[in-house]
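A.B. asks: Protein chains in written order, with this note's numbering: chain A, 1 to 144; chain B, 1 to 414.
These aren't lab readings, by the way, just hints derived from the structure by calculation.
Nothing false has been slipped in among the hints.
Lysine-lysine pairs mimicking BS3-like chemistry, simulated, CA-CA at most 30 Å apart:
hint, chain 1, residue 1, chain 2, residue 2
1, A, 110, A, 93
2, A, 110, A, 127
3, A, 17, A, 110
4, A, 110, B, 412
5, B, 412, A, 17
6, A, 133, A, 110
7, A, 133, A, 93
8, A, 83, A, 93
9, A, 93, B, 412
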Amino acid sequence: MSEFDQMYREVILDHYKSPRHHGSLDPCDAQAEGQNPLCGDEVVISLRFAADGDTIADIGFSGRGCAISQAATSMLTELVIGKSATEVAQLPKETLLDEIGIPLTPARLKCALLGLGVLKVALHRAKGTPLPKEWAGLDDLGLR
Amino acid sequence: MTVTPQRILDVEAVRADFPFLEEFVDGRPFAFLDSAASAQKPRQVIDGLADFYRHSYANVHRGVYALADRATAGYEDAREKVRAFLNAASEREIIFTRGTTEGINLVAYAWGLDNLGPGDVVVATDLDHHSNFVPWQYIAGRSGATFATIPVDDAGDLVLEELDRIAGLGRIKVVAAGWVSNALGTVNPVELLVAWAKEHGAISVIDAAQAAPHRAIDVQALGCDFLALSAHKLCGPTSVGALYGRAELLERMSPFQLGGHMIRQVRHDRTTWGELPAKFEAGTASIVEAVGFGLAIDYLQDIGLDAIEAHEHALVEYALERLPEVPGITLYGPPASRRAGVVAFNLGDIHPHDVAQVLGFEGVCIRAGHHCTQPLLRRLDLAATNRASFYLYTTRAEIDRLVDGLHLVSGKLG
Ligand SMILES: Cc1ncc(COP(=O)(O)O)c(C=O)c1O
Chain A
1 MSEFDQMYRE VILDHYKSPR HHGSLDPCDA QAEGQNPLCG DEVVISLRFA ADGDTIADIG
61 FSGRGCAISQ AATSMLTELV IGKSATEVAQ LPKETLLDEI GIPLTPARLK CALLGLGVLK
121 VALHRAKGTP LPKEWAGLDD LGLR
Chain B
1 MTVTPQRILD VEAVRADFPF LEEFVDGRPF AFLDSAASAQ KPRQVIDGLA DFYRHSYANV
61 HRGVYALADR ATAGYEDARE KVRAFLNAAS EREIIFTRGT TEGINLVAYA WGLDNLGPGD
121 VVVATDLDHH SNFVPWQYIA GRSGATFATI PVDDAGDLVL EELDRIAGLG RIKVVAAGWV
181 SNALGTVNPV ELLVAWAKEH GAISVIDAAQ AAPHRAIDVQ ALGCDFLALS AHKLCGPTSV
241 GALYGRAELL ERMSPFQLGG HMIRQVRHDR TTWGELPAKF EAGTASIVEA VGFGLAIDYL
301 QDIGLDAIEA HEHALVEYAL ERLPEVPGIT LYGPPASRRA GVVAFNLGDI HPHDVAQVLG
361 FEGVCIRAGH HCTQPLLRRL DLAATNRASF YLYTTRAEID RLVDGLHLVS GKLG
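Can you make the complete structure from the sequences, with help from the hints?
C.D. replies: What follows is the structure in structure tokens.
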């Protein structure tokens, strides 16, 4: 397989070209925005909880970024719908990386994980779920 | 920029000096179009560094044995080469730094903190690299001065009509500007900005990181007060650069960093500062790197800065002619006549990261992102761009590879 096909595998290109849950929810119960300071990529995530106030019922994302960051965030939205805030706050990044399933250099890893970080910030703000140190910087960058 | 060079650059002869061209991807050398980030190094510099470590290495100054003498002579010879390269009046005006960033920070802290206050205005530009933008924004903020920037128009040229409005904001004390934009290649009218600074009694600080690799510089003719450059952008080592400062100003300034070598006498109640340039060179210098900086200057001067400038100019004209062939491409920046060896572009909606990644698979090295110029990209309403940049070893065939690669990217991701 060529280097291109390894990185831009079909499922990545599919999510990139037809992102799931694209857009922003208005009104929403939680929202955050984050930037990758290395490349300026931006992701905004908004979500709504179900009647139990905890289960993620709907989610939307927007922003500008590379195929990897956009596809990864799109895949993330599918991964978290129906899960509880606590569960998602603890979601290890490996789960998302397994889903993405491509070799990533350190620079591209940052692209792939941007959406996950922003989602954790949104949950932290809305629910006070713990925010691991590695994402704390995103919280400072976000729009209030 | 229609220079008639005394010499013509023989690009094949130049390429024979660069060992990185012996690295292959899929049977082809890299098409290295990222020299604005950092230039590759010729054998003359690489071997010179090793030779210096082998034959002449010790800490400089104060040693009294032969090796220390050789090291000191090498380090100070390098200073003389930088002085001549910039045509500064005296070696006392050449301070070795870690690079452009440190040079600008030196002026911002050492001059700025003592001389700026409320009612004063510090002027930078919207084209500037963060290394000229952020230190001045920060020091202005700390000292209560106003930070203002000269805006750019859609083509990436400074809007000089705004100077009068900026002058109305208060006492202009600092005019700090990049000579050549790393993001768009714009060659700024620094002569005019230096004159404007003088008119207002302000100091002028020129970021020459992208100018020094590509054109001859004469600080006396330009009349600037400070000028900063980095060796790594002009085929020299990393972690070394120089700050030119007018002696009269440097003498009156407080030191920047404090410690060994920069002192005259240290007493419990008081320390006095050393002479220029030692006063601004605290600690052990990047000795061997400075020697390599000198070797890089020798190398460029042997080829001729005018020949390099003409070579790059021809490449930029060629690139600006060929790139529009790619469907969906948008080019940014001024016409070739006001541009150094940099072309910035976007390819439809394809994110620059993806463009650069796919080109990278083809061995074509460009840079994607904000290029440390977030205020500029925000002004142009862009999140990121692709940037290809050229240097003395760049060929038209490499620009052809870029164009071919972009067609491929369009096909795959467009
Ligand atoms: C225009 C400009 N100014 C300043 C710098 C900073 O140079 P350095 O990182 O070598 O300090 C750069 C290089 O990135 C540049 O392109």
